[in-house]
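K.L.:
Build out the structure end to end from the sequences listed, making use of the hints.
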Amino acid sequence: MSGVQAPERPVETARTAPRTVGLWPTVGALLRKELLVELRTLESVPAMSLFALSTFVVFHFALDRNSVEGDLGAGILWVTLLFAAILGVNRLFVADADQGGFDAFLLAPVDRSAMLLAKVLTLLAYLVVLEIVAVPAFALLLLGPPLGPALPGLLATLALGDLGVAVIGTLIAAMAVRTRSRDLLGPLLALPLLVPIVIGGARATEPLLVSAHRSAPAARWLLTLGLYDLVFGLIAFALFDFLLED
Amino acid sequence: METSSRVPARPLQYGRGLRPLSIATVVAFAASLSLVFFYAPLEAEQGFLQKIFYVHVPLAIVALCGFVLGGLLAIQHLRTRDPRWDMRSYVVIHMSLIFALATLITGSIWAKGSWGHWWVWSEPTLVSFLIIFLLYATYQPLRFAIEDPERQARYASVFAITAGAFVPLNYVAVNLSTAYLHPRVFGSTSNLPASMSFTLLVSLVAMALLFATLCKFELTAKHARSQMRALRRRLAGESLDAPRGRSAAPAIPHATASGAGRVVAAPTAGRAVL
Numbered sequence: 034m035s036g037v038q039a040p041e042r043p044v045e046t047a048r049t050a051p052r053t054v055g056l057w058p059t060v061g062a063l064l065r066k067e068l069l070v071e072l073r074t075l076e077s078v079p080a081m082s083l084f085a086l087s088t089f090v091v092f093h094f095a096l097d098r099n100s101v102e103g104d105l106g107a108g109i110l111w112v113t114l115l116f117a118a119i120l121g122v123n124r125l126f127v128a129d130a131d132q133g134g135f136d137a138f139l140l141a142p143v144d145r146s147a148m149l150l151a152k153v154l155t156l157l158a159y160l161v162v163l164e165i166v167a168v169p170a171f172a173l174l175l176l177g178p179p180l181g182p183a184l185p186g187l188l189a190t191l192a193l194g195d196l197g198v199a200v201i202g203t204l205i206a207a208m209a210v211r212t213r214s215r216d217l218l219g220p221l222l223a224l225p226l227l228v229p230i231v232i233g234g235a236r237a238t239e240p241l242l243v244s245a246h247r248s249a250p251a252a253r254w255l256l257t258l259g260l261y262d263l264v265f266g267l268i269a270f271a272l273f274d275f276l277l278e279d
Numbered sequence: 002m003e004t005s006s007r008v009p010a011r012p013l014q015y016g017r018g019l020r021p022l023s024i025a026t027v028v029a030f031a032a033s034l035s036l037v038f039f040y041a042p043l044e045a046e047q048g049f050l051q052k053i054f055y056v057h058v059p060l061a062i063v064a065l066c067g068f069v070l071g072g073l074l075a076i077q078h079l080r081t082r083d084p085r086w087d088m089r090s091y092v093v094i095h096m097s098l099i100f101a102l103a104t105l106i107t108g109s110i111w112a113k114g115s116w117g118h119w120w121v122w123s124e125p126t127l128v129s130f131l132i133i134f135l136l137y138a139t140y141q142p143l144r145f146a147i148e149d150p151e152r153q154a155r156y157a158s159v160f161a162i163t164a165g166a167f168v169p170l171n172y173v174a175v176n177l178s179t180a181y182l183h184p185r186v187f188g189s190t191s192n193l194p195a196s197m198s199f200t201l202l203v204s205l206v207a208m209a210l211l212f213a214t215l216c217k218f219e220l221t222a223k224h225a226r227s228q229m230r231a232l233r234r235r236l237a238g239e240s241l242d243a244p245r246g247r248s249a250a251p252a253i254p255h256a257t258a259s260g261a262g263r264v265v266a267a268p269t270a271g272r273a274v275l
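Protein chains in written order, with this note's numbering: chain A, 34 to 279; chain B, 2 to 275.
Rather than coming from a laboratory, the hints here were simulated on the basis of the structure. We put the beta carbon where it would ideally sit given N, CA and C, even for glycine. Do not rely on the hints blindly, as some may be mistaken.
[Said to hold, decoys possible] Covered stretches of chain B (chain A as the covering partner; in silico rule of three or more C-beta atoms under 8 Å from a C-beta of chain A):
| # | region |
| --- | --- |
| 1 | 121-135 |
| 2 | 145-152 |
[Said to hold, decoys possible] Far from chain B, by Cβ distances over 12 Å, these chain A residues were calculated:
| # | residue |
| --- | --- |
| 3 | E71 |
| 4 | G133 |
| 5 | S214 |
P.N.:
Structure (structure tokens):
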């Protein structure tokens with residue numbers, strides 16, 4: 034009977050089976066696999082970076098400006114990063130869904146949350162590489178005031194924003210990947226959920242990118258971002274298992 | 002099992018209480034409208050236009066509560082795996098989406114009347130409603146894009162819980178981002194005259210009753226339609242296990258015959274077969 038029930042109740046099976054691999058080694062192995070696949074195929078990160086560069090060029094012509102600063106600069110930076118991130122979100126689970134990665138993972142006697150953590154860290158790594166390319170390019174191509182003095186505040190804001198994008202992006206990508214119109218549904222689901230991150234990120238970045246009276250980001254925006262990250266981290270942690278059954 | 006459940010034990014299970022609920026709604030709405038037009042005082046600055054406040058604000062509150070309720074029902078669905086909770090969650094979210102659209106329209110009219118613009122970005126209620134509306138507008142496309150009914154229900158519940166938690170968070174974030182440039186009638190209830198807040202309260206009750214009635218009505222209608230389909234199939238001699246068409250709406254799990262339930266309740270059916 035237990036043999037019959039095994040495919041129906043994989044959660045219990047995973048919990049009662051003798052676990053030989055802990056959570057963090059599993060996360061490490063999955064993360065290594067993701068990064069290795071990305072290094073060999075170069076599917077996501079180059080596309081995201083190139084997309085960000087093209088978007089800056091598009092903004093230059095659409096706004097007909099040679100340099101931007103303040104709220105406009107913060108808005109352009111965040112919109113560009115967000116849309117570039119969406120490209121990565123759309124690709125995040127495609128290989129697992131199409132080539133049996135999910136099935137292999139479900140067969141292994143490991144904690145399901147490892148998949149969530151590994152994917153969040155993968156997306157976070159993609160975003161960091163994206164920003165290593167896109168932020169200097171933004172400073173070079175569009176930003177009026179120098180980037181140097183703004184860098185510490187900008188890094189803190191970007192780190193908090195990236196965490197939120199990674200968590201929400203992973204949850205949405207897992208939800209959208211096994212639907213018929215995944216390329217369409219992913220961005221549609223993700224964008225409204227990411228609006229508070231744009232609000233917090235853009236408002237926190239705004240005072241950093243002005244030429245006169247530069248000031249540190251207001252604490253309440255960083256707090257908003259941090260709180261949003263925390264809440265959605267908990268939600269994703271609680272709900273991710275339900276997306277993996279079957 | 003086949004013979005005992007052919008004839009439903011309680012054929013109008015979903016319809017029970019619909020009539021008293023409808024009567025209560027009509028009475029509450031009559032009371033609320035009489036209070037709005039004959040009791041509540043005219044607002045000094047906006048005059049008659051301010052009466053839309055008694056429609057707009059209850060609509061907004063009921064829609065927001067409906068979205069959160071949809072999330073709570075979805076939690077219940079994921080905990081019990083009973084498809085009926087998914088059905089309730091679906092109906093509540095569906096109805097809240099309609100109420101949210103009505104909120105956007107009435108808010109827009111109010112904004113045009115009092116500030117001269119159809120859309121005002123400095124009004125946080127309106128802006129956060131737009132974001133929430135855009136998010137929930139993807140609920141039915143998401144359901145429609147998943148064919149397997151069990152997985153559709155599960156994914157929809159994950160969405161409903163995530164979005165239900167997003168509703169208050171988004172509201173706070175948008176509120177933070179908005180400077181209060183315009184004078185607001187509804188800053189807090191404390192600065193509202195007693196006659197106005199009483200009228201608002203009655204309107205809120207009426208709107209909540211309307212929401213409950215409409216939800217109940219939709220549940221009953223869906224139940225009746227599914228019973229009808231099962232009966233028609235049996236008359237035509239078709240198999241009740243035949244797959245239903247692709248749909249965004251959840252199927253009724255415990256329709257007339259046991260076979261119709263088996264389509265949705267895949268795990269139970271699988272165990273019974275094994």
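K.L.:
Confirm or reject each hint.
P.N.:
Now for the hints, and whether the structure bears them out:
no. : hint    : in the structure
1   : 121-135 : holds (count 3)
2   : 145-152 : holds (count 6)
3   : E71     : 26 Å, holds
4   : G133    : 17 Å, holds
5   : S214    : 5 Å, violated
The structure shown violates just one earlier hint, number 5.
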